[in-house]
Amino acid sequence: MSTLDELRGLRRRGARSTKRDNKAAFWFLLPWFAGLVFITAGPIAASLGLGFTKYNLIQPPKFIGLGNFARIFGDERLHNALRVTFTYVLVSVPVQLACALGVAMLLDRGLRGLAFYRSAFYLPSLLGSSVAIAVLWRQIFGTEGLVNRVLGLVGISGHGWISDPDSALSTLIVLNVWTFGAPMIIFLAGLRQIPRVYYEAAAIDGAGKATRFRRITLPLLSPIIFFNLVLQIIHAFQSFTQAFVVSGGTGGPADSTMLYTLYLYQQGFARFDMGYASALAWSLLLIIAGITGLNFWASRFWVFYDD
Amino acid sequence: MRSRLLRHAVWAVLLTMTAALPVACSSSSGGGDELSAGPVTLRFSWWGADDRHKRTQQVIDLFQKKHPNVTVRGEFKDWNSYWDSLATTVAANDAPDVIQMDELYLASYAQRGALLDLNTEKTHLKTGDFDPKALATGAIDAQQYGLPVGLGSYAMVANTDLLARYGIPLPDDNTWSWDDLKKVGEQVSKAGGGAVWGVQSPGFSDAGGLQIRARQAGGTLFDDKGKVAIAPEVLTRYFAYLLDLAHGGAAPPPSVTIEKAGGTLSQSAVATNATAFGFYWNTQLTALSAASGQKLKLLKLPGEAQAHAEYYKPSMFWSVSARSQHPAEAALLLDFLANDPDAAKIMLTDRGVPANRTIRTAIDGGLKPTDKAAADYLNRITVTDPPRVTPNGASTVETILKRHTEDVLFGRATPDKAAQAFIAELQADIDAAR
Amino acid sequence: MTTETATPPATAVPPRARQRARRPSARGVLRTAGKHLGLLLLAVLMLYPVLWMVVSSLRPNDEIFRSPGLVLDHLRVQNYADGWTALASPFGHYLVNSAIVVLGCIVGNLVSCSMAAYAFARLEFTGKRWWFAVMLGTIMLPVHVIIVPQYILFSQLGWVNTFLPLIVPKVLATDAFFVFLMVQFIRGLPRELDEAARIDGCGHPRIFLRIILPLMKPALATTTIFTFIWTWNDFFSQLIYLTDPQMYTVPVALRSFVDATSTTSWGSLFAMSVLSVLPIFLAFLFGQRYLVRGIATTGGK
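Residue numbers (this note's numbering), protein chains in the order written: chain A, 1 to 307; chain B, 1 to 434; chain C, 1 to 301.
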């Protein structure tokens, strides 16, 4: 214990020697830096610039000032898309993460058939954006699909879930939750990193399961929970492929699955209004950045780092 | 020090970008380019499914045998990916030389300066065997931006097996009206008992049907100046009819309709034998029959007996990129695709009944019965002058129509409101593209 | 470069062995059985659609949409043979192309992202918070507005129709997701370990290679698996950058089976979809054991 304290003291002193780190950091960050400058920065800056123009992808962009951004406020279909997107994010992210963490906890400790379960739960995520998903989803949530057949057994007559504007979005949310494999894997990896000695020590101290979860698992896993939360939110805001594939690119029926990025895509690639699409993209960036910033601020109160 | 370096680098990249963005849209050199003697590589892109990819590759091989110095690289995509990819490559001045083009997009690519006026390559591209009216469908302001590949006409597909099973006589398509369709549809639905319905609701992928409705009422969807010209009353009647079909039971309930319309052709209500009637282009008969497995027949459209509105619509066009490095060779390939009997015998009606009259007779022997029926249909109907090509900016017409149809079917908008919204939205898209 | 250098410290007694040694009580058995039942039910729910796809790949075309069940009426293995030869090249060609891209991306991500992550997690440098925000910011823009300028950039470099536009960005750590992932993992590692190494006179490269990398194996495995799967499934950028059918990868090739305007060979599509999921599934099956070998089992302290 005393050596540990000594080390901690050393670390605090070490943290102040910033000069040497600058040089090392440069070398460690060199690939990322090069990527930023040569690959990412140009297109990102270009898209920002295009946000202030009328650009139909072929003829030279025409500067129109804040026109595109002003249009955002009067665009009712966009406001609908925002509503749809926020519903999608607010429902699917917590449910997906809860599923992922719950299953990861179940799968963590020595359980027979672990490898099987892990693969089974991850398999749906492997299918990803496959074209087959569109067909699959129809087969499950269609009028004659699996869900209605099961409901029929209990005497409830269902309807076409995908084709009804009132329920179409829920099927997309289910689809997103269904692929909880990715955050689950990250949770699993995180759980593995928690040194067993902590649990053993706690068990010796007579701590119950709930206490161990609250006192050891949650704090030590918090950086990973935080990571998943931040990334899944960003990811959900940018969700495109599934909505595109399931609705055939239309966001239908009646715009009920029109996610923000799908709308943006239609503006850019179907209406050839890349200027407006760029303005939309940057507005989305502001929204996501705002929420992520909030997340980082809130993380001070619940995320525990060992540094 | 480093940050200044970075700033320079960022500016350098930005400058390259902005230099690349406004790719000039100058048209090509003009009258008849010379064929090159040296090796030439052409990029040729199309959309379609696996069967078309195979056939087209065979045609390419044949072309390369005849012109050994020309290498043709075929690029194939599915419909959605095709347009994403085309938009990007055209923007980057990297478009394929020969482009398969759709009627919806012809004007929007041509008027943004991406397509070559084929009249400038007449030495290598012969169009003598084409009906001038057919050729005109690919022209905008006397400039030939697309060469029509196949011809089609809007038609009613009827499942005669289903009708026979329920003992319902096939309606007489020489006299029938839209009301007759509704009545027979209701009969089928009653007999079908909730599993089979009468009519697959129009309103989805139905720009053709909308055009027909406008023309039957004496108008047109777009006027010569490229403005939306369909009368609001006509459109209101169109939406009210859809609602009528759904409420009266002639068409399936809205959610079934939307579900069936959301998939590919082989998942549609007609292809899965869920309805006895549906609207399609006559050339889709073969694909539909293959999917359905039952006997399908083409009928003239309702209302045609009262007012002729039918016209020949090109199934697709061949276009050449305005920035092609080898316009002469590209024209040569187009000439081969359009006029060579051997090429036509490989492709048959995969891209529609050929618009070239000589070719149409040349492949007659190799046609499937359903292809024959599609070709016969063209001869049975009375056609009038084709409407103007879909204007620049209006390529979204089908998605807009679909959304408003859904609103109407689910009672989220009245036919009247939907009609006004449709017109306003479509007109706004056209204005925005100017 | 990453896993070779991993020299795990001596193994302590695996804690799992200790757990198993506990005598099972009746309640414990019941609880385990319940747990298995729940998990199995969930597994069926998760797997049903996947199984349906496999069964569909063995059905004749016209039966696929008529039967949502899993019972095969007519077995049709021919779908696989048909699908294999349906496009310009045998399907194996596309599998190989995808494999090349995936391999390049994995190596690129592992090397560059772990380096960047180390800097963000363990080094103090000027403007660190700002650079970190920039890094996160780069993944917040939807790809659709970036792709056109980026395509122009790559086509100026003459990289269109090569795998470079797909691989080089990964080598240059543009996948901020993984940088962030690894940062979080490294920050979860006890600092005392690298402080101790520093006292022994190790520089950052050695701490990174000898201490951090071996300890973050689960994160590296996660990165590998995710990169594999996401690259394997990534459709949009591969569609845009690869125009020559010779260069097509699996997702691009698969899409050319389905065209909204013509007949689709669904049987072949499903057959090839199953074939294309198989490599990822195998990769996962064999890769997942590395996920389990965190410090928990290799010792730690």
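Heads up, some of the hints might be wrong.
Subject to a maximum C-alpha distance of 30 Å in a straight line, what follows is the list of computed DSS-like cross-link-like pairs (lysine-lysine) [unchecked claim]:
(1) B:K65 - B:K54
(2) C:K35 - A:K209
(3) B:K227 - B:K297
(4) B:K297 - A:K62
(5) A:K23 - C:K128
A few chain C residues that face chain B, going by a derived Cβ cut-off under 7 Å, partial list only [as the list claims (entries may be wrong)]:
(6) A86
(7) V148
(8) E192
(9) I240
(10) D259
In short, the hints are calculated from the structure, not lab data. Bear in mind the structure is a predicted one, so any value in this text is a computation, not a measurement. Ideal placement from N, C-alpha and C gives every residue a C-beta, glycine not left out.
Hint check:
1. Between K65 (chain B) and K54 (chain B) the alpha-carbon distance is near 17 Å, which keeps this suggested pair within the 30 Å criterion.
2. Simply put, K35 (chain C) and K209 (chain A) have alpha-carbon atoms about 16 Å apart, close enough for the 30 Å limit, and the pair holds.
3. The straight-line distance between the Cα atoms of K227 (chain B) and K297 (chain B) is roughly 36 Å, outside the 30 Å bound, and the hint therefore fails.
4. Simply put, K297 (chain B) and K62 (chain A) have alpha-carbon atoms about 52 Å apart, too far for the 30 Å limit, and the pair is violated.
5. The suggested pairing of K23 (chain A) with K128 (chain C) holds, with an alpha-carbon distance near 13 Å, which does not exceed 30 Å.
6. Look at A86 (chain C): its Cβ gets to within about 4 Å of chain B, closer than 7 Å, so that hint holds up.
7. At its closest, the beta carbon of V148 (chain C) sits 5 Å from a beta carbon of chain B; the interface hint therefore holds under the 7 Å criterion.
8. Because the beta carbon of E192 (chain C) sits about 32 Å from the nearest beta carbon in chain B, more than 7 Å, this interface hint is broken.
9. About 5 Å separates the beta-carbon of I240 (chain C) from the nearest beta-carbon of chain B, less than 7 Å, and the hint is met.
10. Among the interface hints, the one on D259 (chain C) holds; its C-beta lies about 4 Å from the nearest C-beta in chain B, closer than the 7 Å criterion.
Checked against the numbered hints given earlier, this structure breaks hints 3, 4 and 8; the rest are met.
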